[in-house]
Structure formats: structure tokens, C-alpha cells
Amino acid sequence: DIQMTQSPSTLSASVGDRVTITCRASQSINNWLAWYQQKPGKAPKLLIYKASSLESGVPSRFSGSGSGTEFTLTISSLQPDDCATYYCQQYNNYPRTFGQGTKLEIK
Amino acid sequence: QVQLQESGPGLVKPSETLSLTCTVSGGSINNYYWHWIRQPPGKGLEWIGYIYYSGSTSYNPSLMSRVTMSVDTSKNQFSLKLSSVTAADTAVYYCARADGFGQPIDYWGQGTLVTVSS
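Top line first, the protein sequences correspond to chains A and B. In case it helps, the numbering used here puts the first sequence at residues 353 to 459. In case it helps, the numbering used here puts the second sequence at residues 104 to 221.
Simulated from the structure, these hints should not be mistaken for lab results. Quantities reported herein were computed from a predicted structural model and do not represent experimental measurements. Glycine included, every Cβ here is placed at the ideal spot set by N, Cα and C. Just to be clear, a hint being listed does not mean it is correct.
Between beta-carbon pairs, the in silico distance windows are [stated by the list, open to error]: (1) A:Ser405 x B:Ser165: 28 to 36 Å; (2) B:Ala191 x A:Asp353: 14 to 22 Å; (3) A:Lys394 x B:Glu119: 24 to 32 Å; (4) A:Thr426 x B:Asp175: 39 to 47 Å.
In silico SDA-like cross-links for lysine to any residue, where the CA-CA straight-line distance does not exceed 25 Å [to be verified]: (5) A:Lys394 x B:Ser168; (6) B:Lys116 x B:Ser168; (7) B:Lys146 x A:Ser364; (8) A:Lys397 x A:Arg376.
Footprint (simulated), chain A over chain B, 3 or more residues, beta carbon under 8 Å [as the list claims (entries may be wrong)]: (9) 141 to 150; (10) 210 to 216.
So that you can see chain B by itself, here it is in the shape it has in the complex (with noise of 0.2 Å):
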């Protein structure tokens, strides 16, 4: 069964980038949509984007300016990075994986708290 586990840095400072990867296991990265969705504290889900395994993205325009979506293949690995952040970017950060582009998102990660402050 496909597992996906979030990494990174849990404290970011305001105006920084947050980065963070996740490690596909149990499954290959190919040929899959790979989704990051984020959840501030006691609030509900925000799609952030996706990218396919080929490397093509799609971002919420909400956030388009600030995100950055990458894949590493080889490594099995996809990345988020979203710039100049700030105390609403506070958020419990998910990652996923959807069949297609017109499919559900059907696994995700276990998710990491990412907080902003100096």
C-alpha cells in the first residue's frame, strides 16, 4: 500500500520560504498526480496545487505567486516551497496522491505542522 510522509522544517520565520518533501513509499511516483493541501489550526482544507510526475503543475491561484512545486523521480520524492511567508501560512501541510487529473485525491500523508514566527 502507498505510503506518503511529510518532512521539513516544523518553524519557519516570517518572510522566509517554507520547504517541505514528501517520500512516496510502497508505490511509484509515476504516472500519478501529487497533490499538497494545507489546514491552519481548527480551520478547514485549502488545496495549494499539484504536480504530475512529469513535472507539470497546477497551483490555486490564491497562492500562485508565492508556490513552487518540484519532483525528484529517482528519489521517489515530490517538494512544496512557498515563499515570503507569514503568520497565516500557519498550517498543518499534506501531501497526497490523486489517479489522474480528474480524479479524487485517494492517499495522503500523515501530515506536519508548519508555524510561522520569529
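Isolated chain A, as found in the complex (with noise of 0.2 Å):
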């Protein structure tokens, strides 16, 4: 299986400030990675597909980028609304693997 590595496991920013998650492959996934945003109590939302294309209705704030086995998501600039925990999944390989999350919260 593919090992999917988040990094910080959680983070505290303010309102305002560009954020940057990081997520690491046991291997090379090419560009096969999606990046998913969980509040308490709701299913995942789609993100980011493809490493770096952003999902019809997501704010454009939210970007994705790498490739191979390193990627990040940014956030440009931290709504309160963003307060969630965020997981990157590989969809190169089966089976499919998540990375552990990463618990974001606002100042």
C-alpha cells in the first residue's frame, strides 16, 4: 500500500494568513492526488483533483500543487470559515490511501 504522510498534524493561523498543508508518498503517485476538507460531523468535500485542479464551487483561495510523491495545498488567505481538518488522498493506486489529516485552526 501507499503510505500518504500529512504534515503539520494540526496547525493555528489567523484570519487572513496564507496556509500551507504538506502530504508525502511512500512512491510516486504521479499527479493522481485529491485533497478533501472534513468539518465536525459532515462528510469530506472535494477540494482539489489531480493535485492541482480545483472542484466546481470551491473558492478560488484554495490551490494544490506538486507532483511525484510531494504535494501542498495552500490556502491564500484563511477565512473562518476554513476551520476544518484536511486530508489528502492518493487515487493512483488500490488501494486508495489517506493521509492522517491535518486539524486546522483559526487565531
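Assembling the complex is the task here: the two chains are given apart, and the hints tell you how they should meet.
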């Protein structure tokens, strides 16, 4: 199985800050990476697919980059509504695997 | 817009079989890949497997010996069975959709909590 490792595990930032979350794969997944946002008690929501493609309806402050084994999710200007846990998931191979999550808190 | 809704018992006894159904509305079950993912309380996401509308499946090797998925296209439903459950199987179970074999999961159900306890 491909292991996905996110960092940091928790992150505290202020409204307006630029925030970056990293996801590393244990082997190359090309650019077959998705980012999800999950709020408490809710299902995950797809933000980014194919490493850098923005899902329809997702605010443009979210962006993704990377290929191979290292990827980043960036929020250009943090908003209060962005308080959530973020997960990366590779879909290059089965079984599909997720990172352990990054909990983003607003200061 | 497609909607997914999980249904099934919220409490299952140890050693018994967990059974869940996902009903798809607002779209056809045909030509899509239908996934199950679970999340133990306070923990991360674990992919369980998928079933294609035609019935072909792929399961997580960690659960393969206990998982069975099925699909009923006439009812726009697909199902999950997990046998010989233990407390470690207590989780929120999500059904979800992917547009293709190598596509990300784009639609999720709201999730249903299944507790394994006597």
C-alpha cells in the first residue's frame, strides 16, 4: 500500500494568513492526488483533484501543487469558514489511501 | 444533483455482520464506481472498497476477508456487508461515488455511525 504522510498534524493560523499543508507519498503517485476538507460531523468535501485542479464551486483561495511524491495544499488568505480537518488521498493505486489529516484552527 | 444516503442498524453485536445500504438519488447508479469509506470516532479515513455498477469489486486487503459488496441497479442501491465485527469496526461509514476507475471520489453520503457492542 502507498503510505500518505501529512504535515503538520495541527496548524493554528490567523484570518488572512497564507496556510500550507504538505502531503508526501511513499512512492510516486504521478499527480493522482485529491484534497478533502472535513468539518465536524460532516462528510469530506472534495477541494482539489489531480493535484492542482480546483473542484467546481470551491473558492479560488484554495490551490494545490506538486507531483510525484510531494504535494501541497495552500489557502492564500485564511477565512473563518476554513476551520476544518484536511485530508489528502492518492488515487493512483488501489487500495486508495488517505493521509492522517491536518486539523486547521483559527487563532 | 446526486445524493447518497446510508441506512442500516446503528448497533451491531460483536462477531455478527454489519450490513449497510446506500441509496442513490438524483442520478443513475450506472457507469459509476461506488465506494465505502469509514472513519472511527476521532480518527482518520479508511477506504474499504468499491463496487462498479456492473458488479465488479475491489476491496482493501486489510478487510478483504470480511467484506462483501453488492449492487442493485433496479433500486439504485448498493450495499456493504462486514462480517465478524469487533469493537475496532465501530466507525462512521460513508458511501461515496467516483466518476471512473481512476477518478477521485466526488460525492459522499452524510455517513452513518455503526457501533459494535454487546
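A quick look at each hint next to the structure:
The beta-carbon spacing between Ser405 of chain A and Ser165 of chain B, approximately 30 Å, falls within the hinted interval of 28 to 36 Å. A hinted range of 14 to 22 Å holds for the C-beta pair Ala191 of chain B and Asp353 of chain A, which are about 18 Å apart. In this structure the supplied range 24 to 32 Å holds for Lys394 of chain A paired with Glu119 of chain B, their Cβ-Cβ distance being about 29 Å. Distance hint for Thr426 of chain A and Asp175 of chain B: a CB-CB separation of about 42 Å, consistent with the stated range 39 to 47 Å.
Simply put, Lys394 of chain A and Ser168 of chain B have alpha-carbon atoms about 29 Å apart, too far for the 25 Å limit, and the pair is violated. For the suggested pair Lys116 of chain B and Ser168 of chain B, the alpha carbons sit about 19 Å apart, so the restraint of at most 25 Å is met. Of the supplied pair hints, the one linking Lys146 of chain B and Ser364 of chain A holds, its CA atoms being roughly 19 Å apart against a limit of 25 Å. With a CA separation close to 20 Å, the supplied pair Lys397 of chain A and Arg376 of chain A stays within the 25 Å bound.
Interface restraint, the region 141 to 150 of chain B with chain A: holds (4 residues with C-beta to C-beta distance below 8 Å; minimum three). Counting residues of the region 210 to 216 of chain B whose C-beta sits closer than 8 Å to any C-beta of chain A gives 4, which meets the bar of three, so the coverage hint holds.
In this structure, only the earlier hint numbered 5 is contradicted, and the remaining ones agree with it.
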